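Novice: Single-letter residue listing:
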Amino acid sequence: SQKIEQNSEALNIQEGKTATLTCNYTNYSPAYLQWYRQDPGRGPVFLLLIRENEKEKRKERLKVTFDTTLKQSLFHITASQPADSATYLCAPGGGQKVTFGTGTKLQVIP
Amino acid sequence: GAGVSQSPSNKVTEKGKDVELRCDPISGHTALYWYRQSLGQGLEFLIYFQGNSAPDKSGLPSDRFSAERTGGSVSTLTIQRTQQEDSAVYLCASSQSKRSHSYEQYFGPGTRLTVT
Numbered sequence: 004s005q006k007i008e009q010n011s012e013a014l015n016i017q018e019g020k021t022a023t024l025t026c027n028y029t030n031y032s033p034a035y036l037q038w039y040r041q042d043p044g045r046g047p048v049f050l051l052l053i054r055e056n057e058k059e060k061r062k063e064r065l066k067v068t069f070d071t072t073l074k075q076s077l078f079h080i081t082a083s084q085p086a087d088s089a090t091y092l093c094a095p096g097g098g099q100k101v102t103f104g105t106g107t108k109l110q111v112i113p
Numbered sequence: 061g062a063g064v065s066q067s068p069s070n071k072v073t074e075k076g077k078d079v080e081l082r083c084d085p086i087s088g089h090t091a092l093y094w095y096r097q098s099l100g101q102g103l104e105f106l107i108y109f110q111g112n113s114a115p116d117k118s119g120l121p122s123d124r125f126s127a128e129r130t131g132g133s134v135s136t137l138t139i140q141r142t143q144q145e146d147s148a149v150y151l152c153a154s155s156q157s158k159r160s161h162s163y164e165q166y167f168g169p170g171t172r173l174t175v176t
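Respectively, the protein sequence lines represent chains E and W. Under our numbering, the first residue of the first sequence carries the number 4, and numbering increases by one thereafter. Under our numbering, the first residue of the second sequence carries the number 61, and numbering increases by one thereafter.
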């Protein structure tokens with residue numbers, strides 16, 4: 004069955020540094036991969052979508068890579084800020100259906 | 061415009077009772093999803109509606125769970141004979157037509173269900 008793995012441990016980084024979050028998947032060949040941000044007590048908020056034929060996608064301080072050979076996506080936040088502290092979920096998908104990972108909690112320390 | 065809304069925001073019920081959770085998607089969004097999130101866990105897919113097509117019910121954990129979407133808009137998730145393991149946050153999301161290739165999902169704030 005499909006398996007989506009994200010770092011279960013929280014990631015603590017210093018303000019201003021680049022945060023890198025990893026998403027690995029197995030038994031799956033997604034057509035695209037999404038990243039969402041979730042704050043406590045709230046629903047996830049869509050950040051970026053990258054398609055299988057794209058290697059990299061950028062949006063402001065965010066950068067996502069997608070390696071279909073390694074079955075991995077990396078999510079980078081450059082010049083991180085305390086306001087970036089949240090849980091980040093990856094969601095590989097096909098058609099209009101995605102499978103969510105369990106998320107990685109990011110804490111940016113001032 | 062208005063986002064996805066869900067009601068109630070919190071629901072406490074006794075074991076064995078039935079509950080109904082409501083979702084109002086964004087106007088014009090043809091796809092609607094229900095997910096369940098237990099404390100510290102990821103989102104578990106429950107059911108997906110797309111336009112007038114038959115819903116994808118592959119994620120429903122048991123026959124105690126059912127959902128309907130009336131008029132292609134509002135959706136209701138019903139849990140019959142609730143059990144303590146049903147306690148979780150139930151999230152609803154909507155998405156635009158697949159023809160636009162826009163797959164991003166817009167989530168509601170969720171309904172926190174507690175079964176005592």
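Keep in mind the hints are simulated off the structure, nothing from the lab. Hints may be right or wrong, so weigh each one.
Take a look, some chain E residues computed to stay more than 10 Å from chain W by CB distance [stated by the list, open to error]:
{"hint": "1", "residue": "10"}
{"hint": "2", "residue": "57"}
{"hint": "3", "residue": "74"}
{"hint": "4", "residue": "96"}
Simulated restraints on C-beta separations [to be verified]:
{"hint": "5", "chain 1": "E", "residue 1": "44", "chain 2": "W", "residue 2": "136", "range": "37 to 43 Å"}
{"hint": "6", "chain 1": "W", "residue 1": "131", "chain 2": "E", "residue 2": "45", "range": "24 to 30 Å"}
{"hint": "7", "chain 1": "E", "residue 1": "43", "chain 2": "W", "residue 2": "63", "range": "27 to 33 Å"}
The structure presented is a predicted model; accordingly, all values stated were derived computationally and were not measured. Yeah, the Cβ is synthetic: ideal placement off N, Cα and C, and Gly gets one too.
Novice: For a quick check of understanding: which of the numbered hints are violated here, in increasing order?
Specialist: 4, 5 and 7
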